[in-house]
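Trainee: Protein chains in written order, with the working numbering: chain E, 1 to 317; chain G, 318 to 669.
Warning: the hint list may mix true and false statements.
[As the list claims (entries may be wrong)] Capping the alpha-carbon separation at 25 Å, the derived lysine-lysine pairs in DSS-like fashion look like this:
#1 K509/G - K141/E
#2 K141/E - K506/G
#3 K506/G - K134/E
#4 K371/G - K412/G
[Stated by the list, open to error] Which residues of chain E face chain G? A few of them, derived with a C-beta cut under 10 Å, are:
#5 E58
#6 E85
#7 R87
#8 Q88
#9 L99
#10 G100
#11 T104
#12 F164
Hints are computed from structural coordinates only; laboratory data are not their basis. As the structure is a computational prediction, the values presented were derived from the model and not from experiment. From the three backbone atoms N, C-alpha and C, an ideal C-beta is built for every residue, glycine too.
One-letter residues, chain by chain:
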Amino acid sequence: MSAGQSAEGALAPAIRCTGLVRRFGEVTAVAQVDLEVRRGECFALLGPNGAGKTTTVEILEGLQRQDAGSAELLGYRWGEGHDRELRQRIGVQLQDTQLGERLTVFETVRLFRSFYARGRGVEETIALVGLGEKRDARVGKLSGGQKQRLALACAVVAEPEILFLDEPTTGLDPQARLQIWSLVERFRGEGGTVLLTTHYMEEAARLADRVAIMDHGRIIALGSPAELVASLGAEQIVEFETAGPVPLERLAALPGVRAATRRNGTTTLSVAAIGEALPALLSEVNRWGVGIESLRTHQPTLEDVFIRLTGRALRDA
Amino acid sequence: MRERTSSLNPLLELTRARVLEFVREPEAVFWVFVFPVLLALALGVAFRARPVEKLRVGVVGDEAGQVAAALRSAADLEVVPLAADEAEQQRRAGKLDLTLLWRGGESGETGVILRLDPTRPESRTARLAVGEALRETAPMRVRLLAEEPVTAPGARYIDFLVPGLVGLNLMGSGMWGIGFSVVVARTRKLLKRLAATPMRRSHYLLSFALSRLAFLVLEVAAVVGFGWLVFGVRVEGSLAVLALVCLAGAFCFAGVGLLVAARPQSIEAVSGWMNLVMLPMWLLSGTFFSYERFPAVTHAAIRTLPLTALNDALRAVMNQGAGLAATLPQVALLALWGLVCFAVAVRIFRWQ
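Can you make the complete structure from the sequences, with help from the hints?
Mentor: This is the structure we're talking about:
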């Protein structure tokens, strides 16, 4: 690598893409996506299944070609003669890849290590993901969480500069999820860049410096988790069910209420001042003579941001 | 209303559904209807009822032409004058049912000696036919002097069969072993994961060819060793040449297997393609019976099939003791098949 290239490489962001489009027949999976991920940043694509997250990531990983737009990794584009160098510098965990079941943990990591010119030791990597005790176990015998940690081991064995994680904790139990999260945080602690996709808002909120919310192939909101939540302008979210209908516009106009939505019989209010809003809500419901059947309040989350933007919840979108 | 609802018979509807499902599965239709017809056609051509079943008789010796002429009128015999070594080679390859050896002597003891394998039904029939023909058409000119049975190792059907089984085994294990593991890796998205690493894609494909070599020794040794221990089938040629031929065969079918597995996305699909590629060779390439049985115009085409080349080379080495030079054309053909298939497979391989 020449001095000129490394200077260029040092200046370029980890990931930059503009106007990315990918169509499958009639369906536009990715529609004009622009994003930039800084070095050392953890960036999350948050969205429901089918939002175009995986397609976007696979274009960035060089596994699919875009129909329009450009994607750059570490200052390079795919297909311009730097592919092998790029692959050396990125680590990839794909959504639901099943590694060979008849190889052991050690054999699997050793196989992946052999593809890279640089990287860390096989034993060290296995210890890093906490699979030391399972070193000689066949992959087919591992639990879901262990398999996912093995996938992570294969992704970080080359000490990549960028780590791509596509739905890293989908289907895992809470404890296994925590283990994955702490591994990702550790990778970041060593200066690595992470691009992850998830449909768990807790995951995005905990791991990501910045979150892009995706829906129908577009980025519909971008910012830090705190910024996105603050954009709701709400200190509390109130959800309630009533025995009969109350007009939404009446609720939205109540003092202290920012917005009102209704979905599957549940009404959701974004509330800026809970002390004003709650008494007003109760008296409004009384006026319509329907009575409140249940009521909950919680701190606003990224989930509420998604609901506000799309009218749907992340998990049932 | 009751009658209308009960007019649908569940058994009938279930049966109808099965039938529809079946005919809408093109592969099933192929295997059940088209394949047996093709099979019957191929076997029918191989074992076709010729006007009269022609038995191939070779005549060797000074007066071979005269003997051949004397027998020409026998409609069920195909009589060919041959040089002694030629005749011996063809007999070992199962292409000659009977050999007539001309013996002429000053003492007047002139006539033919019959050389045949009495365990082969065709040879026994040919013996009868020749005897009859000589009695009827040329009793004065050609006499039967003696019979020379050859049941020695190297001349029996089992000697013909074992090299064919080695070839068949190399083809089958290469194709199935590679085809299945590639397609399984594809359905599990492992291929896509590998494509995301700096791994050279040709390395992945080559690793299949190399891993085949590890099993090659065992596979060949099992069949050849069994034939030798149980039936006394000998390897007349050198083991080194045999190894080279097997190597070429294994490489070739690794390439063919990769090509077949280059695109399919399910085990069912790849199985269908595998069978489609292998079955013609199963039938045509002379594993169980000599491809000489097929019409002569087809021989050139049959010889270009990789399994034919492999079987011919294996028989040349094992039965006829052929050396390196004699097997080179087949080895080259196998290498060519392997290289072409491999190159195409690399190009069209579906990684996801």
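Trainee: Next, verify each hint and record whether it holds.
Mentor: Verification of the supplied hints:
Between K509/G and K141/E the alpha-carbon distance is near 22 Å, which keeps this suggested pair within the 25 Å criterion. Restraint check for K141/E and K506/G: satisfied, since their Cα atoms lie roughly 19 Å apart, inside the 25 Å limit. Among the hinted pairs, K506/G with K134/E is consistent with the structure: their alpha-carbon atoms are about 23 Å apart, no more than 25 Å. For the given pair, K371/G sits about 12 Å from K412/G by alpha-carbon distance, which is consistent with the 25 Å threshold.
Taking 10 Å as the C-beta cut-off, the interface hint given for E58/E holds, the closest approach to chain G being about 9 Å. A least Cβ separation of about 8 Å between E85/E and chain G falls short of the 10 Å threshold, and the interface hint therefore holds. For the restraint placing R87/E at the interface with chain G, the shortest Cβ-Cβ distance is roughly 4 Å, inside the 10 Å limit, so the hint holds. Annotation: Q88/E was flagged as interfacial toward chain G, and the flag holds, the nearest CB pair being 5 Å apart, inside 10 Å.
Hint status for L99/E: holds, given a least beta-carbon distance of 6 Å to chain G, under 10 Å. The beta carbon of G100/E comes within 7 Å of a beta carbon in chain G, closer than 10 Å, and the hint placing it at the interface holds. Evaluation of the T104/E hint against chain G yields a violated restraint, the C-beta minimum of about 16 Å exceeding 10 Å. Interface restraint check: F164/E against chain G, minimum CB-CB distance 8 Å, threshold 10 Å, status holds.
When held up to the earlier numbered hints, the structure conflicts with hint 11 and nothing else.
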